[in-house]
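Just so we're aligned, residue 10 is where the sequence shown starts under this note's numbering, counting upward by one.
I should point out that these hints are in silico values taken from the structure, not numbers from a laboratory. One or more of the hints may lead you astray.
Unchecked claim - Pairs of lysine-lysine residues, derived as DSSO-like cross-links and limited to a Cα-Cα distance of at most 30 Å, are as follows: (1) Lys56 to Lys12; (2) Lys77 to Lys59; (3) Lys57 to Lys44; (4) Lys12 to Lys79; (5) Lys12 to Lys72; (6) Lys59 to Lys79; (7) Lys57 to Lys82.
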Amino acid sequence: MWKIFIFDENLENWVEEETSLLLHDLAIFLDEKNKIVYLWQGPKSKKKKKELGFKLLSLIQEKYQNFKLKILKDNIPPEIHTQLMNLLKKFGEKEKIILKRTIYLKLYLIFGLIGTIFSFIYYLNLLSSLSWVQTNGSLQINAQIYDRWILTSQILIIIFLLIFIGNQALSFIINHLISIIIAVIGVIMSIGFLLYISQGIFLF
10 MWKIFIFDEN
20 LENWVEEETS
30 LLLHDLAIFL
40 DEKNKIVYLW
50 QGPKSKKKKK
60 ELGFKLLSLI
70 QEKYQNFKLK
80 ILKDNIPPEI
90 HTQLMNLLKK
100 FGEKEKIILK
110 RTIYLKLYLI
120 FGLIGTIFSF
130 IYYLNLLSSL
140 SWVQTNGSLQ
150 INAQIYDRWI
160 LTSQILIIIF
170 LLIFIGNQAL
180 SFIINHLISI
190 IIAVIGVIMS
200 IGFLLYISQG
210 IFLF
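Using the sequences and the accompanying hints, generate a full structural model.
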């Protein structure tokens, strides 16, 4: 039976751990069957940590007095090598998950920024209608200019819709409830605006 202890520098103690291992860790692999204590030093472990870890090895040696201490260097026994790879792999998988989530979150923010820029452009396009001539309460505008105004508004709204759909997909991936709600509201509003602006000459 094997036991694994990892040195916790903050607690100044060897803590039993079987979930993950980092490259800057110090670890003890305890072979209870053969009564051997194997000490593994991570390639990125610092000198200060090693010195403190070696000093506090007595905590393990006092508990397992009849065990022989072996410091692992190049020739690592197959059983320990397998355990090492599994523990480091688990850490690597956690890091990948965190990295992917960070990338998706950044994409969400980028899409949000692009959406903000286009919303400003859309707002300016709407304001341009204030320059249209009014006669007796009725707007007078060239049909070609009006059609171009409608088309520009539709294109901008479609861009909004695509951005919100993209953000909705990203929010489901990062599993963030508020982001999901905001994206859903954005999609609904974009569809509503698109249906409204598509009325063309019946808009006013």
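Against the structure, the hints come out as follows:
no.	hint	result
1	Lys56 to Lys12	holds, 25 Å
2	Lys77 to Lys59	holds, 19 Å
3	Lys57 to Lys44	holds, 28 Å
4	Lys12 to Lys79	holds, 15 Å
5	Lys12 to Lys72	holds, 13 Å
6	Lys59 to Lys79	holds, 15 Å
7	Lys57 to Lys82	holds, 19 Å
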